[in-house]
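*Asks:* First to last, the protein sequences are chains F and D. First residue of the first sequence: 8, per the working numbering; consecutive thereafter. First residue of the second sequence: 8, per the working numbering; consecutive thereafter.
Source of the hints: derived by calculation from the structure; they are not laboratory data. Predicted, not measured: the structure shown is a model, and the values here were computed from it. Possibly wrong hints are sitting among the right ones.
One copy or two, either will do: identical chains are not told apart, so a pair holds if it fits within one copy or between any two.
Cut-off 30 angstroms, straight-line C-alpha distance, at most; resulting in silico cross-link-like pairs (DSSO-like, lysine-lysine) [unchecked claim]:
#1 Lys350 / Lys460
#2 Lys335 / Lys64
#3 Lys342 / Lys140
#4 Lys317 / Lys119
#5 Lys54 / Lys105
#6 Lys256 / Lys105
#7 Lys64 / Lys302
#8 Lys140 / Lys350
#9 Lys111 / Lys261
#10 Lys302 / Lys337
#11 Lys342 / Lys54
#12 Lys460 / Lys326
#13 Lys64 / Lys350
Number of protein chains: 2
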Amino acid sequence: MAKQLTSRKENYSQWYNDLVIKADLAENSAVRGSMVIKPHGYAIWEKMQSALDTMFKETGHQNAYFPLFIPKSFFAKEASHVEGFAKECAVVTHYRLKIDEDGKIIVDEDAKLEEELIVRPTSETIIWDTYRKWVQSYRDLPILINQWANVVRWEMRPRLFLRTAEFLWQEGHTAHETKNEAIEEAERMVGVYADFAENWLGIPVLKGVKSPNERFAGAVETYCIEALMQDGKALQAGTSHFLGQNFAKAFDVKFVSRENIQEFVWATSWGVSTRLIGALIMAHSDDNGLVLPPKIAPIQVVIVPIFKDKEQLAAISEKVKEIVKVLKAKNISVKYDDRDTHKPGFKFAEWELKGIPVRLAIGPRDLENGTVEVARRDTLEKDTLQVTNIGEKIENLLIQIQDNIFQKALSYRDEHTYNVDTWDEFTNRLEQGGFVYAHWDGTPETELIIKGKTKATIRVIPFDEMHKEGKCILTGKLSKQRVVFAKAY
Amino acid sequence: MAKQLTSRKENYSQWYNDLVIKADLAENSAVRGSMVIKPHGYAIWEKMQSALDTMFKETGHQNAYFPLFIPKSFFAKEASHVEGFAKECAVVTHYRLKIDEDGKIIVDEDAKLEEELIVRPTSETIIWDTYRKWVQSYRDLPILINQWANVVRWEMRPRLFLRTAEFLWQEGHTAHETKNEAIEEAERMVGVYADFAENWLGIPVLKGVKSPNERFAGAVETYCIEALMQDGKALQAGTSHFLGQNFAKAFDVKFVSRENIQEFVWATSWGVSTRLIGALIMAHSDDNGLVLPPKIAPIQVVIVPIFKDKEQLAAISEKVKEIVKVLKAKNISVKYDDRDTHKPGFKFAEWELKGIPVRLAIGPRDLENGTVEVARRDTLEKDTLQVTNIGEKIENLLIQIQDNIFQKALSYRDEHTYNVDTWDEFTNRLEQGGFVYAHWDGTPETELIIKGKTKATIRVIPFDEMHKEGKCILTGKLSKQRVVFAKAY
Chain F
8 MAKQLTSRKE NYSQWYNDLV IKADLAENSA VRGSMVIKPH GYAIWEKMQS
58 ALDTMFKETG HQNAYFPLFI PKSFFAKEAS HVEGFAKECA VVTHYRLKID
108 EDGKIIVDED AKLEEELIVR PTSETIIWDT YRKWVQSYRD LPILINQWAN
158 VVRWEMRPRL FLRTAEFLWQ EGHTAHETKN EAIEEAERMV GVYADFAENW
208 LGIPVLKGVK SPNERFAGAV ETYCIEALMQ DGKALQAGTS HFLGQNFAKA
258 FDVKFVSREN IQEFVWATSW GVSTRLIGAL IMAHSDDNGL VLPPKIAPIQ
308 VVIVPIFKDK EQLAAISEKV KEIVKVLKAK NISVKYDDRD THKPGFKFAE
358 WELKGIPVRL AIGPRDLENG TVEVARRDTL EKDTLQVTNI GEKIENLLIQ
408 IQDNIFQKAL SYRDEHTYNV DTWDEFTNRL EQGGFVYAHW DGTPETELII
458 KGKTKATIRV IPFDEMHKEG KCILTGKLSK QRVVFAKAY
Chain D
8 MAKQLTSRKE NYSQWYNDLV IKADLAENSA VRGSMVIKPH GYAIWEKMQS
58 ALDTMFKETG HQNAYFPLFI PKSFFAKEAS HVEGFAKECA VVTHYRLKID
108 EDGKIIVDED AKLEEELIVR PTSETIIWDT YRKWVQSYRD LPILINQWAN
158 VVRWEMRPRL FLRTAEFLWQ EGHTAHETKN EAIEEAERMV GVYADFAENW
208 LGIPVLKGVK SPNERFAGAV ETYCIEALMQ DGKALQAGTS HFLGQNFAKA
258 FDVKFVSREN IQEFVWATSW GVSTRLIGAL IMAHSDDNGL VLPPKIAPIQ
308 VVIVPIFKDK EQLAAISEKV KEIVKVLKAK NISVKYDDRD THKPGFKFAE
358 WELKGIPVRL AIGPRDLENG TVEVARRDTL EKDTLQVTNI GEKIENLLIQ
408 IQDNIFQKAL SYRDEHTYNV DTWDEFTNRL EQGGFVYAHW DGTPETELII
458 KGKTKATIRV IPFDEMHKEG KCILTGKLSK QRVVFAKAY
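Take the sequences, apply the hints, and build the full model.
*Replies:* This is the structure we're talking about:
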């Protein structure tokens, strides 16, 4: 079994790395920090894209595409934005190579750019420079645009999917007439992300806002969804920012209002990335490999024939053809693995590793009995079913699996969520992992001291704890509500 | 009419630029040579992506994603490849900015990369470096992978969609056991492109191979599809390359064959880009704006109400709701433009400009008579139809329009295709535009002399002229077949 993974218990971090490689999701490339997303990993990303894209369009957004390169001077225009991103920017300085006298390829110094170009780490600046030309009057608003793109943020400690120098994402950038409308949009989109995380990825998330320390560089408010991984660490799974008029002021984007007054436009931006694949892995998978929720699985059902010779395979394939037809008619994606180069046991392990939710196995005795063996990836349970009404049966099973995966993650989170009121309990709980609800006096200073002492940060100031006062876990000062501390990815 | 275009007759090039801007397809950005693809333009690209992606998957390909950045040394490994791309490479030299003592944002010289990174102009090198790790045995072959990505090729004379520094495309990269299998793949994919161009974009194309001068840098053979624009200039609409073992040798990608011998892998690559949007515009559009073939139109039918007051609008909207339902049930994409801020005439012009294939207008009299006015974008003809069976009627009309657009382009091409045998006729014809079939002695030298004298190049060595011998138009030497000359984009 060359493909066996390190167990989670033994070494969680190694388990994750093993799984990503052995389930053929991604691998490191020759460019430090940049990954190759392999077909199975990319197919999962395509499923995510498709679901999200539909949700974005249903909420009135359109896709567009803005340049990869951003003039350096654009960054300077929004002070906190440049401060946030300056340290991780890839910079293009030349636009030509040449071959020197020794036949070596070198950068052509005659082709130096007058102004350096930054490879986008995020696109607020180039987009707001564009919106200036698009907006004159309130009639031009709102602008509701999303972009699917690659971005680059230089990473000193890269990890596949979780932190890579280049990653794929979507970034929404909207422009509004009023503050309230922009806030509504930012809240709507964090809601879309929460819906997607829970109902597609099967990952329960906390919704709320970030503390000022953790806010997006240039935002007035950052809304987020926060998920708990199986090692008790938190993972930020999506953010939506109310940007106020910061970028409109930096890029001079004004409009004539209904009252015929020149005003600055209100903005939001929001994004999720291929990091979600990391979240998906760490939320559900086990020591046998990936566990995919059916709604996000590129292949939902794999069928493996059990045969001794060609005649048996032919007879089984005949039956499988019917089953495939029935399943496809129900929009279930199915793969028939009839390779004769590998034994069934090898195939079982491979599809388990790759997280396919349902495996059907059919042998000669099944043919006689009109049965099929059904194995669930999430529980690893097996059952023998009559082939009659197999479509409905599998359809229902996929719904059950989707639900079970979510419920399991929810139970895990509930079991690892704590309300604490003493400093000792606080540090103990953080040490063991999980979401720790504690009171905080609301100051960045206190948050930084806590981070220094515990390595934990405020992951989210949750909406559902609002107005429940108490005393700060560190300073004893008045706290307006509990906030959620955790160590995080 | 602020939106009116320069006519094609007056200034074809200006007409094109006007159309791209005024139909809201794209615009220039602050970064020279990089465009912003606006929602309407991007929606057309999404339709293209969706159709092509399905065709790629039906021919056995999977999507994956490879890094944006390529180490400079990778380029040096395939000699003709680097020669072809060196002059248009954007080069990343640093990975950090900093704020200097005067508060200015500058490149941090302490963050200079040891080896410069090239922003991919195409991905053969990074992909073949990766394939080396994926291939050991003939059992690992073929690898059939496609990538949707952005690429950068520095452009000194940029034009929206046609030549931009950054563009979007797909690039297929396949690895095979045998030479024949790779050639078959390259030919299959140029066939897919021709099918897509003709049956989706409505653009008739010539299929064949490129002359050595026009071959892709690193290819053994370049297959292409070549289309004729309305100004008589040719446009290369897609290429598919048989790469031989060039990249396998450069990156040491070997496999153990069925005969248990170490052999180099055979390769292909193939791509089409957002340039196709330029082709689509120039093949079909007219002085009123864009003309979209229904199969590639993001909106196929627009419905405009003609009303004097709110009551009329309400009554019309009631009827329109039914029509929309009927059309959607037939998978026809439809937009109801019930804005009360603009007059019908304005809306008619706007949707004409944007190329929507069918416009329905409904006024109070139509309500009484159970009719609707139908306008075709391709012919600008209007007709009044009974609403009964409107679904079937529009469905058939869209098929007719798709066919008519193709037939019109085909007639145009036929009328501008010439067989010539004398130098005078050759230069005259090239001056006027069109595809000129002429004999060529097969040498790069002759092609270059002809290019120098006429500015025309060999666009394609067409398959269907093979083995029809003659005498070279320039040198009088033996020619194996006619080739197609034209001036080109």
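*Asks:* At most 30 angstroms between C-alpha atoms: does Lys342 with Lys54 qualify within a copy, between copies, both, or neither?
*Replies:* The answer is both: 16 angstroms in one copy and 27 angstroms across copies each meet 30 angstroms.
*Asks:* As a check of your reading, is Lys54 near Lys105 (CA-CA no more than 30 angstroms) within one copy, between copies, both or neither?
*Replies:* For Lys54 and Lys105, neither the intra-copy (42 angstroms) nor the inter-copy (39 angstroms) Cα distance is at most 30 angstroms.
*Asks:* From the Cα coordinates, with 30 angstroms as the cut-off, is the pair Lys317 and Lys119 best called within, between, both, or neither?
*Replies:* neither (66 angstroms within a copy, 61 angstroms between copies)
*Asks:* At 30 angstroms max between alpha carbons, let me know whether Lys350 reaches Lys460 within a copy, between copies, both or neither.
*Replies:* Classified as neither; 53 angstroms inside a copy, 66 angstroms across copies.
*Asks:* For Lys335 vs Lys64, is the C-alpha pair at or below 30 angstroms within one copy, between two copies, both, or neither?
*Replies:* Answer is both; intra-copy 26 angstroms and inter-copy 16 angstroms each pass.
*Asks:* Is it within, between, both or neither when you check Lys140 against Lys350 at 30 angstroms Cα-Cα?
*Replies:* between (63 angstroms within a copy, 25 angstroms between copies)
*Asks:* Can you tell me if Lys302 and Lys337 fall within 30 angstroms by alpha carbon in one copy, between copies, both or neither?
*Replies:* both (13 angstroms within a copy, 26 angstroms between copies)
*Asks:* Is it within a copy, between copies, both, or neither that the alpha carbon of Lys111 lies no farther than 30 angstroms from that of Lys261?
*Replies:* between (51 angstroms within a copy, 26 angstroms between copies)
*Asks:* For Lys256 vs Lys105, is the C-alpha pair at or below 30 angstroms within one copy, between two copies, both, or neither?
*Replies:* Between. Shortest inter-copy distance 23 angstroms satisfies the 30 angstroms Cα cut-off; intra-copy 42 angstroms does not.
*Asks:* What label fits Lys64 with Lys350 when the C-alpha limit is 30 angstroms: within, between, both, or neither?
*Replies:* Between. Shortest inter-copy distance 27 angstroms satisfies the 30 angstroms Cα cut-off; intra-copy 45 angstroms does not.
*Asks:* Up to 30 angstroms between alpha-carbons, please classify Lys460 paired with Lys326: within, between, both or neither.
*Replies:* neither (63 angstroms within a copy, 68 angstroms between copies)
*Asks:* Within a copy, between copies, both or neither: where do Lys64 and Lys302 come within 30 angstroms Cα-Cα?
*Replies:* both (19 angstroms within a copy, 20 angstroms between copies)
When held up to the earlier numbered hints, the structure conflicts with 1, 4, 5 and 12 and fits the remainder.
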